[in-house]
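Based on these hints, arrange chains B, C and D on the given structure of chain A.
Residue numbers (the working numbering), protein chains in the order written: chain A, 1 to 266; chain B, 1 to 266; chain C, 1 to 266; chain D, 1 to 266.
Simulated from the structure, these hints should not be mistaken for lab results. You may find that some hints are simply not true.
Identical copies carry no separate label here, and so any pair may be met within one copy or between two of them.
Straight-line distance between alpha carbons at most 27 Å, and here's what the computed DSSO-like set of lysine-lysine pairs gives [to be verified]:
#1 K85 <-> K215
#2 K11 <-> K184
#3 K151 <-> K13
#4 K43 <-> K227
#5 K118 <-> K11
#6 K13 <-> K184
#7 K151 <-> K11
#8 K151 <-> K14
#9 K121 <-> K11
#10 K151 <-> K66
#11 K46 <-> K121
#12 K13 <-> K118
#13 K165 <-> K227
There are 4 protein chains.
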Amino acid sequence: MTMAIERTTIKVKKGARPNSPILIVGLPGIGNVGKLVAEHLRKELKAERIATLYSPHFPHQALMLKNGSVRLVSNRFYLAKSPKKGGSDIIILTGDTQAVSPEGQYEVNSRIVEFFAKRLKGSFIYTVGGYNLGEPIVKEPRVFGNATSGKVIKGFKSTNVIFGKSRGVIWGSAGLIIAFAKMKGLDGLCIMGEVGPFDIDASAAKAVITTLSKKLGLEIHTQNLDKMIEQTAKLVRELEKQAGMPAPLESGTEAGSKEHRPSYIR
Amino acid sequence: MTMAIERTTIKVKKGARPNSPILIVGLPGIGNVGKLVAEHLRKELKAERIATLYSPHFPHQALMLKNGSVRLVSNRFYLAKSPKKGGSDIIILTGDTQAVSPEGQYEVNSRIVEFFAKRLKGSFIYTVGGYNLGEPIVKEPRVFGNATSGKVIKGFKSTNVIFGKSRGVIWGSAGLIIAFAKMKGLDGLCIMGEVGPFDIDASAAKAVITTLSKKLGLEIHTQNLDKMIEQTAKLVRELEKQAGMPAPLESGTEAGSKEHRPSYIR
Amino acid sequence: MTMAIERTTIKVKKGARPNSPILIVGLPGIGNVGKLVAEHLRKELKAERIATLYSPHFPHQALMLKNGSVRLVSNRFYLAKSPKKGGSDIIILTGDTQAVSPEGQYEVNSRIVEFFAKRLKGSFIYTVGGYNLGEPIVKEPRVFGNATSGKVIKGFKSTNVIFGKSRGVIWGSAGLIIAFAKMKGLDGLCIMGEVGPFDIDASAAKAVITTLSKKLGLEIHTQNLDKMIEQTAKLVRELEKQAGMPAPLESGTEAGSKEHRPSYIR
Amino acid sequence: MTMAIERTTIKVKKGARPNSPILIVGLPGIGNVGKLVAEHLRKELKAERIATLYSPHFPHQALMLKNGSVRLVSNRFYLAKSPKKGGSDIIILTGDTQAVSPEGQYEVNSRIVEFFAKRLKGSFIYTVGGYNLGEPIVKEPRVFGNATSGKVIKGFKSTNVIFGKSRGVIWGSAGLIIAFAKMKGLDGLCIMGEVGPFDIDASAAKAVITTLSKKLGLEIHTQNLDKMIEQTAKLVRELEKQAGMPAPLESGTEAGSKEHRPSYIR
Chain A
1 MTMAIERTTI KVKKGARPNS PILIVGLPGI GNVGKLVAEH LRKELKAERI
51 ATLYSPHFPH QALMLKNGSV RLVSNRFYLA KSPKKGGSDI IILTGDTQAV
101 SPEGQYEVNS RIVEFFAKRL KGSFIYTVGG YNLGEPIVKE PRVFGNATSG
151 KVIKGFKSTN VIFGKSRGVI WGSAGLIIAF AKMKGLDGLC IMGEVGPFDI
201 DASAAKAVIT TLSKKLGLEI HTQNLDKMIE QTAKLVRELE KQAGMPAPLE
251 SGTEAGSKEH RPSYIR
Chain B
1 MTMAIERTTI KVKKGARPNS PILIVGLPGI GNVGKLVAEH LRKELKAERI
51 ATLYSPHFPH QALMLKNGSV RLVSNRFYLA KSPKKGGSDI IILTGDTQAV
101 SPEGQYEVNS RIVEFFAKRL KGSFIYTVGG YNLGEPIVKE PRVFGNATSG
151 KVIKGFKSTN VIFGKSRGVI WGSAGLIIAF AKMKGLDGLC IMGEVGPFDI
201 DASAAKAVIT TLSKKLGLEI HTQNLDKMIE QTAKLVRELE KQAGMPAPLE
251 SGTEAGSKEH RPSYIR
Chain C
1 MTMAIERTTI KVKKGARPNS PILIVGLPGI GNVGKLVAEH LRKELKAERI
51 ATLYSPHFPH QALMLKNGSV RLVSNRFYLA KSPKKGGSDI IILTGDTQAV
101 SPEGQYEVNS RIVEFFAKRL KGSFIYTVGG YNLGEPIVKE PRVFGNATSG
151 KVIKGFKSTN VIFGKSRGVI WGSAGLIIAF AKMKGLDGLC IMGEVGPFDI
201 DASAAKAVIT TLSKKLGLEI HTQNLDKMIE QTAKLVRELE KQAGMPAPLE
251 SGTEAGSKEH RPSYIR
Chain D
1 MTMAIERTTI KVKKGARPNS PILIVGLPGI GNVGKLVAEH LRKELKAERI
51 ATLYSPHFPH QALMLKNGSV RLVSNRFYLA KSPKKGGSDI IILTGDTQAV
101 SPEGQYEVNS RIVEFFAKRL KGSFIYTVGG YNLGEPIVKE PRVFGNATSG
151 KVIKGFKSTN VIFGKSRGVI WGSAGLIIAF AKMKGLDGLC IMGEVGPFDI
201 DASAAKAVIT TLSKKLGLEI HTQNLDKMIE QTAKLVRELE KQAGMPAPLE
251 SGTEAGSKEH RPSYIR
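For reference, chain A alone in the conformation it holds in the complex (with noise of 0.2 Å):
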């Protein structure tokens, strides 16, 4: 065990044998959108972790949990089996951090790709991300998208998802993970919520997971993504009391993500 944990390791549960499944990675990152959207989905999908990955080139950390114990952090699988008999499953990528170098971000990304083409035979991979245009408010957050092909992009003309319009650099899982993707030869899309300035933004988590569940065909409540909304409008509004406020609000944000926050998305 323990050399293992000096290099980027996926433990997969026994028995675990998704049916062509899509991938969905949401990791820590603008807006925390990814992780926003990824663990909503979880939950509502009810998926149960199947394999989880651990890597030296994350953040030197062990998590305080409730109950009195620890883990390691880790980047975590889940599946959620299809409803439909013979449909593709879904599995969910999400976790407490991303790699904290470009090294271990391309080792552990393309672990990620291999793991979901090779092992679960997975053929089709969502990313999700924030995309920060710099409005201060940004009331109905758009979704942008930049797929791995022309011909992905023909697949998403029916929805609410605009392409060509993004500009700049992916950083991080949600960028390489569609790039390894891509070189490949799999199918792929990065998908990104608009974002305002704040650190949890649940209303561009909202609108991905929107555009996601009517491509996908799923049925997704959002209460408490809801509830979120509402607060941060709560807080905008007593903001835009005080006049003058200069500095960008930040509330709190998943362990290690501020400290490579880039500026577009991730």
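Using the frame of chain A, we list chains B, C and D on its own:
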């Protein structure tokens, strides 16, 4: 030899054969609690060095010694034989520093757990740290714990260790060693003294030592800690006389410990 | 594929067989001179991509493309066949970024030199950069050179390249590739346009292109560079109207190029 | 060749066979004392280069040379044959830089010790550094020492080297090489000139050279150091005329030496 220095290496003294030992890990970190506790126990228990760990992930430093000599920074294992025949020996791990990168932390701490489990045949690990709740003054430091399992938590029922009230992340050896122990099937506890804003918090160290001594049935004198506590108290009284001093107090701390001082504990 | 992404890799198109080529390297750096020159030559010479270099030492970024797709950051080799039969072909190396760590720089740049010498059978390398003498305004940018040997310097006698007047260090690809070329017995020249305080200095790029075209007997149009130069000149005139503006001018530069912008050139 | 550049490599000139040599290491660091001493001895003793060390852990820099050429940053071994037949030769190690990461420092310095012990069959190593006690003006710089053993300290009884009064850590080559020498069973001394607040402290360098020359029975002229000392003294007198100048004086130093200037010495 030389090549060995380029990798994490544990040099073991011949003939070291501890009897079903427990391990107490105390390294530089928040409030320097871990290091204070480990050094205090080492002296009180007259423990003798049995092994030394070197790593290229430690800071590139040599220490100037009082006798005019020099030595490489290291972590060191000390053995205190149990006074009872057949009783569990105590191994104390302390040192000058911790690894400076995440990859180094994963490597060094996984080696420590592996060495303790496989070579020393031990099965229970304490890591000692400080826990900062942000209080400017801590009169009666509490003792918090995070354990490898519910079974271990139950074993501390009759102690003053508080479980399930600490939140966030444990950085460095104090966290990783317990997380790795759990993954390897060992039992362990991260025991944390509540610290104030001081870089060296003898009061928190004394609280942990008191808890540990009772649990382990050790008789430990704490006079030198009491002296340190009194010195700090004097300093606090002086500062309270001077109104409006805003900067946090900082007294000397271990070499290398500052650069990766995290938000919670280590 | 996936494992390959975890190491520096050059993917070569089949059938690429340049004839005794010379290499011109222009990557993001001071004044963006290298990248401007390389991209300009690539378009003017209608060079075609023959190989792509990926590296985990590059920033962990994917680029959002105008067509809604995405691709991994890379360096790319382009081939321009010589118009003369049997003449030396030109290989242009440009890309989105440079490696972010010293170790990565050594690895990527040694691979580039090795690939050019062994696989492409080339023997002369130009690296292009900017050289900043701290002048606030550079009306007529000079062209400085540092070469692999006195023999190479002699070969540039009848040009405007100034040798022996540049001092200090050359960071990154522009420096390492020439140093490695020298160690491997190849000939080469680091050719540097004198830059002002602008992040994108088309004027310095034009000076280098003019020198290179003459030396290589190429006919290169520079209208689009002239437009950029005029835009910058306009900006300078506006700034000169406003008195006392202290901050250095900064216009948009390549992704990733800022974080390791050094004091002299790259 | 190229692959070799991706690892720490020592290139040795053929036929270099020093006679039971001692090694004097002087690299960029505090007060630039090590480098000043080594370069001075190299010139005075007319030492000739016998080996060059390259490392990907050095900064990714090439140096622009006065003759218009370029070379990779390196450390270099120079040999000064003993004037006495059968006497110990002197090897001087100096260079442009030190490794930039802890891992790189461990690797490079362990290679240096190994090369000296195994290939050059040497047995005594001096490392030279500066020691800063925080004094604003140092009229008569003292010479401090930290040695591999008490036996070595005894050997310096009749010199002005002060043992056991220096405290703290020695960063970089000056410390690691002596610590590694000790671990390998070699004898060695880190000899430190007391520095003031100057980046280049010729006065401290002269103090070390004087001590070393006496001990090694060398005749070394120090006129050029005297000139540097006089220049600095003049600067100090000018500064003393101007009241209230608070900032520390900084004159030019070696490329790359600033970024890891530590608190004590190197």
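Here's how the hints hold up against the structure:
Taking the shortest alpha-carbon separations for K85 and K215, only the intra-copy value of 18 Å comes in at or below 27 Å, while the best inter-copy value is 57 Å. With identical chains, the CA atoms of K11 and K184 are at most 27 Å apart both within one copy (23 Å) and between copies (13 Å). Proximity of K151 to K13 under the C-alpha cut-off of 27 Å is restricted to the inter-copy arrangement: shortest distance 24 Å between copies versus 34 Å within a copy. Taking the closest pair of Cα atoms, K43 and K227 come within 27 Å of each other only inside a single copy of the chain (16 Å); across copies the shortest separation is 54 Å, beyond that limit.
Proximity of K118 and K11 under a CA criterion of 27 Å is satisfied in both settings, with 15 Å inside one chain copy and 22 Å between copies. Taking CA atoms no more than 27 Å apart as the test, K13 paired with K184 passes in both settings, with 25 Å inside one copy and 16 Å between copies. Taking the shortest Cα distances, K151 and K11 sit within 27 Å of each other only across copies (24 Å), while inside one copy they are farther apart (34 Å). Taking identical chains as interchangeable, the C-alpha atoms of K151 and K14 lie at most 27 Å apart only when they sit on different chains, with a minimum of 25 Å there against 35 Å within one chain.
Taking CA atoms no more than 27 Å apart as the test, K121 paired with K11 passes in both settings, with 17 Å inside one copy and 26 Å between copies. For a Cα distance limit of 27 Å, the shortest separation of K151 from K66 across copies, 15 Å, qualifies, whereas the shortest one inside one copy, 46 Å, does not. Taking identical chains as interchangeable, the C-alpha atoms of K46 and K121 lie at most 27 Å apart only when both belong to the same chain, with a minimum of 22 Å there against 41 Å between chains. In this assembly of identical chains, the alpha carbons of K13 and K118 lie at most 27 Å apart whether taken from the same copy (16 Å) or from different copies (26 Å).
In this assembly of identical chains, the alpha carbons of K165 and K227 lie at most 27 Å apart only when taken from different copies (26 Å versus 30 Å within one copy).
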